[in-house]
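Visitor: Position one of the sequence shown corresponds to residue 74 (our numbering), numbered consecutively onward.
Derived BS3-like pairs (lysine-lysine); straight-line CA-CA distance at most 30 Å:
1. K128 to K103
2. K128 to K89
3. K85 to K103
4. K90 to K128
5. K89 to K103
6. K103 to K90
Pairwise CB distance ranges (calculated):
7. F104 to E76: 26 to 32 Å
8. E114 to F92: 17 to 23 Å
9. L117 to K89: 15 to 21 Å
10. Q107 to K85: 17 to 23 Å
11. E106 to E127: 19 to 25 Å
12. F92 to N130: 15 to 21 Å
13. T111 to E76: 16 to 22 Å
14. L134 to V79: 15 to 21 Å
15. E127 to L96: 24 to 30 Å
Note that these hints are calculated values from the structure, not bench results. Built from N, CA and C at the ideal position, the CB exists for glycine as well.
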Amino acid sequence: MEELSVLNSKYKILNKKVFDLYLDKSSEYKFIEQNLNTLIELCLRETSNSNLDEKFNEFDLFIETW
74 MEELSVLNSK YKILNKKVFD LYLDKSSEYK FIEQNLNTLI ELCLRETSNS NLDEKFNEFD
134 LFIETW
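Taking the hints into account, I'd like the entire structure generated from these sequences.
Guide: Below is the structure:
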């Protein structure tokens, strides 16, 4: 249950970053949104918190550098 709470918190943070990008780059928003949805699907399949952290960190870095 705690893993879902962590996942939910990280999802909210990433979702906010994605929305902020939308405000700046609305034409490219769909691409980011699809990647975020893919990330969430992958994370829900993972059982290890370290794998979740790694995937979120990779996507977070992608958003920051995009």
